[in-house]
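One letter stands for each residue in the lines below.
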Amino acid sequence: MNPVLSTILKRLGLGIATLFVVSAIIFSSISMLPGDFSEAVLGQAATKDTVAAFRKELGLDKPAPVRYFEWVGSVLQGDLGTSFSGRNASGQDRSRQVVDLVMPRLWNTLFLAGVTALIAVPLALFLGLTAALYRNTAYDRIVNAATLTTISTPEFFVAYILILFLASLWPVFPSLANIDASTALGERLYRVALPALTLTLVIVAHMMRMTRAAIINLLASPYIEMARLKGASQSEIILKHALPNAWAPIATVIAFNLAYLVVGVVVVEVVFVYPGIGQLMVDAVTSRDIPVVQACALIFAATYILLNLTADIIGIVTNPRLLHPR
Amino acid sequence: MSEQPETYAATAEVGAVRKRRTRLERIGLLLKSAPPSAWFGMIVVALYILVAIFADVIAPYGEAQIHPVPFAPWSDEFIFGTDQIGRDVLTRLIYGARNTMGIALATTILSFLIGGGLGLVAAINRSWLDQALSRFVDVLMAIPSLIFALMLLSIFGSTITSLIMIIAVLDSTRVFRLTRSVAVNVAVMDYVEAAKLRGEGLGWIMRREILPNIMPPLVAEFGLRFCFVFLTIAALSFLGVGIQPPTADWGSMVRANASLIQFAKYDITAAITPLLPAAAIALLTVAVNFIVDWFLQKTSGLRE
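From first to last, the protein sequence lines stand for chains W and E. Under my numbering, think of the first position of the first sequence as 1, with each following residue one higher. Under my numbering, think of the first position of the second sequence as 1, with each following residue one higher.
Take these hints with a grain of salt, some might be off.
What follows is a set of in silico ranges between Cβ atoms, one per label pair, in the way DEER data are often shown [claimed, not checked]:
1) W:P65 - E:A132: 16 to 24 angstroms
2) W:V72 - E:G203: 37 to 45 angstroms
3) E:R126 - W:W247: 33 to 41 angstroms
4) W:R11 - E:F136: 51 to 59 angstroms
5) W:A138 - E:W39: 47 to 55 angstroms
6) W:E187 - E:W39: 48 to 56 angstroms
7) W:R135 - E:R21: 54 to 62 angstroms
8) W:K56 - E:N185: 28 to 36 angstroms
9) W:W107 - E:K196: 57 to 65 angstroms
Don't read these hints as lab results, they were simulated from the structure. Glycine is no exception: its CB is placed at the ideal position from the N, C-alpha and C atoms.
Chain E with its partners taken away, still in its complex shape (with noise of 0.2 angstroms):
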């Protein structure tokens, strides 16, 4: 019969309480948290994703193989029936999902870079530079951006490339104003001082100073930002100036069977076939606006 010598130690209290969780674990407990509106938009951006990745072994067809029959109903050969020209529809809505969704990823990537970095600088700079990129990005708010990247894209044609770099400058406007309105109050805390004081660079000051602290807006901002860009590219495609043909795209997909639905009152199923495109889109807005949602009053617990 040993006894157990009756001895406090802090160290082992303090390890007892605090054990430490694996990040995997953390996640699982975030997970278990999330309220079923989040739940649903992460399933179907997981699934989206998947179908982006594994394009080429879902499709049925080549995506730009063209069928002897244009406009055929649905069957079990064709699932969603096929285009205006006989290409099957439900092929190129999943290379659809790959390059609408790389598009506008790549998109919101790029303005993030240039909006975020321009705003990091701005912030800790506070001087002409500021107030000269400050007053440029007003100039480029006050015009509408779909009406902005419409005439630039007259200009530079429209190329994946082009539509791409448009895009993301106009976008960038709204991700420096955010940047630069969270960064600065940052900026000025003592943490932040003593660094510039110790002689740190504006590469490391912007990276491990400021941006740890303004992480949560951003990432709550890039869901929100690919919408908009997801959105601004479809109504361009769809007005038949943004992606172009052969390259498959939900967009320019809704235009080209759009005379379909006049006939609805014979095949029900018709008339559905260029709203599947339209639904698509729809469906990752509203799932990434969730997720958002959720994420927003997860971290700052700030809404609307």
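Looking at chain W on its own, in the form it has when it is part of the complex (with noise of 0.2 angstroms):
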């Protein structure tokens, strides 16, 4: 068999088994409740019948491996469960499909995230590869000492800075995103310039110091020292030898990066109130509101995986000496 696709089937392989665990993980998640929960969601007064009825409704009467699967299997057909919120005591169910409280915003998280990853990682790259290619001049240093000040500064301090100059002082953007599904591409993107900004501020500081650290460890060895001697030129060198072989780790810094936007996102919707996902999970992390936490939980963990797994993939596709494991 191909080296290539072995590698990759095993790394697959195991992305698919992490999947797997954190999803147990996350499913046990909701027998750690204390026993009296049901009468948090459904009220002081809920009568015996109510209570026993909710509980086999959450299949509290099965056993735990039972129910998992039960879970993983509806989860894969696209059942999240049912939200808790929306009970009361006496039994009458207002509460909404957990899928349909998270699709349309888990499209808006989406939107976000692309719109700031098409923004952020070309500048980075550029920011990052210039920086190698000048470095130790008073470029390089204003670029990474505006870095390193933007990384050690909680996100919601960079977003609110924004609003201050950009919303509030001199109008030129909403501070509030909120969008619906009629909202037009345009008006959106004018919408969401403010939460993608906040965003991009904080992701192209990493993604650019690591792009540089990655070109300059490269710098550093035998075969770039011989192209120098050869006569090459410096933007040469870095564009056609350095370069190709700083794919990997700039993939995975991408992909790192990208992973770290899921995270990032949570804080930043909350305060550009954004009708996304991590809005939804914190609002459902106040209520208690557990199948949407979990369902929030796994969307979130899952592209996570993903993204750190496409990171690797590109890695062994991209570097030969990955293609000859001893």
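From these two lone chains plus the hints, build me the complex, please.
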């Protein structure tokens, strides 16, 4: 069998295994709940019958492994369960399907993350490459200092500073990114400008520093010195000699930061009241709506694992040395 | 006129050169060599610690004392104004230093006890225990820690104890990785082998043979982890699921006063109020990073 293929398959298998264990951890979280939570959900006045029916609906009368496989089965079919909110003591059930809550918001979050990635990735690669090219110059030092500062500041600080200058003092962009399904694309882009800008500032810093470090690491290797000795120009060395070998680390960096975006999105969505999945999760945590929290956690974890998997696979495909494992 | 006999004593010469410095002198010399950025970091951290310790003395009002005017502007009475229910912002900032830093420090120490301890055991043991722990950590690290923390907080509720426990356990995975990877190199050394043959117990080998040799990277990591934990707690509090009121905390202060930013055109000081706690968080993180940078350069010459 082709060694590339087998390495990729091995990595895929590992990724799927991780996903399963993670889903088991997320699932078992519901059984760690204190025993009286049906009362907390249904209210103090809940009758015995309502509580029993509720427990039956959650399947708490069945053993945990059976419940887990039923849960995984229904998740794979796109059924994420029913939200805890909207229930009351008399057994009346106005709760909504978790899927209906999550799906529209998931698209919004993916839209925001996509816009950010489209701006941030090329910008970070450009800054990282040029900083490596002109390293130890004033340009390099300024870019470095600026990125170190944005790395050490919390996302909401960056967000509020942007709001202060771009929405409050000089109202260029709206400070609330409230969009719905009917918002047109142009309007949407205008409204997500500030959240996307915040996320860009946060992840460009990471990506740029790691790109720069990856390139500079390579520049120390003997074959680059050889190229230099034979008289290749600086930009030729970076673009023709260093970059092909740097794709694997750079792909890792990009995927790692897109994964980081998944987390950063939570705080930024709350700041800008953006109707995304991160805000949904925070609201659900506050009201302890466990099925929604589980669904969101599962989606975030799956995205995170998939992105890291993609990075590894790109690393395997682009790096010839990994094709011949010893 | 007494003649000095020309004698030579090796001990005298060695003694003359090797003037033993006291610990204080050595620390003084070390500090003298610190670059300005490290100095800046150390002064900031020292100030924060002083404020945190003497919060009761410095703060003009009580931590949860409510004044009649909510959102009061900056004045002599309330230097940074009051918040949404009329608590003095400066007072909350000062107490926030104590609460936020105290909780972050407790969490970091706990995560180092768990992660460092297990990492050392895994590095010495290298058996199924090492495998089991390492795979378990791999899985935990496959979930973004903020998401995991949110999920666990929704289950255990947002008390300070559960906050410390949850973040410490999640963070200990990183500490475990680092401790294990540096300790593995030391654990194969001859003197560790000798200690094992001597019949020393696991505790002795961990504390006396390995730990002193892996201290520098661990200390640097402690600083970075502290920053990370600090930012995580601030983010959680900002989201409203971390430290709960009436306990003063910087993250939730930002959120509570955020609406003031829209009045920037009429009163710039009002708009700055919610940014003060955020700036306090950022300043501390930058300061600790500066110190860690200098420390890393000092101990190993390795950077980035």
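Worksheet item: Taking the beta carbons of K56 of chain W and N185 of chain E, is their distance inside 28 to 36 angstroms?
Response: Once the Cβ atoms are compared, 56 angstroms apart, the range 28 to 36 angstroms for N185 of chain E and K56 of chain W is violated.
Worksheet item: Given a hinted range of 48 to 56 angstroms, is it respected by the beta-carbon distance of E187 of chain W and W39 of chain E?
Response: The hinted range 48 to 56 angstroms holds for E187 of chain W and W39 of chain E, with Cβ atoms some 50 angstroms apart.
Worksheet item: Between R11 of chain W and F136 of chain E, does the C-beta distance stay in 51 to 59 angstroms?
Response: 20 angstroms, violated
Item to complete: With respect to the beta-carbon atoms only, verify the hint that V72 of chain W and G203 of chain E lie 37 to 45 angstroms apart.
Response: Given about 43 angstroms between the Cβ atoms, the range holds.
Fill in: Verdict for R126 of chain E, W247 of chain W (Cβ pair) under range 33 to 41 angstroms
With a Cβ separation near 35 angstroms, R126 of chain E and W247 of chain W satisfy 33 to 41 angstroms, so the hint holds.
Discussion item. Given the hint of 57 to 65 angstroms, is the C-beta distance from W107 of chain W to K196 of chain E inside that range or not?
Written reply: Given a distance of about 59 angstroms, which is inside 57 to 65 angstroms, the answer is holds.
Worksheet entry | Hint check for R21 of chain E and R135 of chain W - Cβ pair distance inside 54 to 62 angstroms | Violated, at about 39 angstroms.
Practice prompt. Could you tell me whether the CB distance from A138 of chain W to W39 of chain E stays inside 47 to 55 angstroms?
Written response: For W39 of chain E against A138 of chain W, whose Cβ atoms are near 23 angstroms apart, the range 47 to 55 angstroms is violated.
Practice prompt. Mind checking the hinted window 16 to 24 angstroms against the Cβ distance between P65 of chain W and A132 of chain E?
Written response: For P65 of chain W and A132 of chain E the Cβ distance comes to about 21 angstroms; the hint holds.
Checked against the numbered hints above, the structure violates hints 4, 5, 7 and 8; every other hint is satisfied.
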